[in-house]
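Chemist: Sequence:
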Amino acid sequence: MIVLRINKDGKEEDKLVLEDGVYIIGRSERCHINLPDSDVSGRHAILTISNRECSLSDFGSQNGTFVNSSVIDSETPVDCDSIIHIGPYELRLHREEEAREDEVPPVEEITRQSEVFETATQETTKPEAIEPEPVETKLSVEVQEYHPHPSSTGFSQEIDIMP
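For the sequence shown, counting from 1, position 99 maps to 98 in numbering that gives the first Met the number 0; every step adds exactly one.
Simulated from the structure, these hints should not be mistaken for laboratory data. Given the structure is predicted, the values throughout are model-derived calculations rather than measurements. Glycine is no exception: its CB is placed at the ideal position from the N, C-alpha and C atoms. Be aware that a few hints might be false.
Stated by the list, open to error - Restraint ranges, calculated between C-beta atoms of paired labels, are given here:
no., residue 1, residue 2, range
1, D38, S69, 16 to 22 angstroms
2, P131, M0, 52 to 58 angstroms
3, N50, P87, 15 to 21 angstroms
Input sequences plus hints: build the corresponding full structure.
Modeler: Here's what the structure looks like:
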């Protein structure tokens, strides 16, 4: 996979992960890669990715498409270290594993962070377990005796239950 980083005025605007395919770049919201700026044509350029290889074609835009400061007029191979300019946007392509390496902080930074965590840890105590005490429960059960005579009644009795 290829990672496309889109910068404008020195700030990262977007980061897209792209698989093999054809991507239309332009100002139109219907484009796969939308660059909303009046210096970008509605359908400005086409980016093609196949087997981790990239190429770029200008779509007949008014302001042109530039790869490493050179205007392109036909399908142009684009390496991962190339800089693409479309209007005020700077686009850079990275292979996925290269992008991951860029995002890993330097070893010095990791060491400094772990030192902060070591000094910030506090001694914690574990709460003691409480043993449950037996509870006496009374259950009231009403037992009906069968008497064929309609004037008969049942009786009730309380029973103590211990666990």
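Chemist: Output the numbers, in ascending order, of every earlier hint that fails for this structure.
Modeler: Hint 3 contradicted; others consistent.
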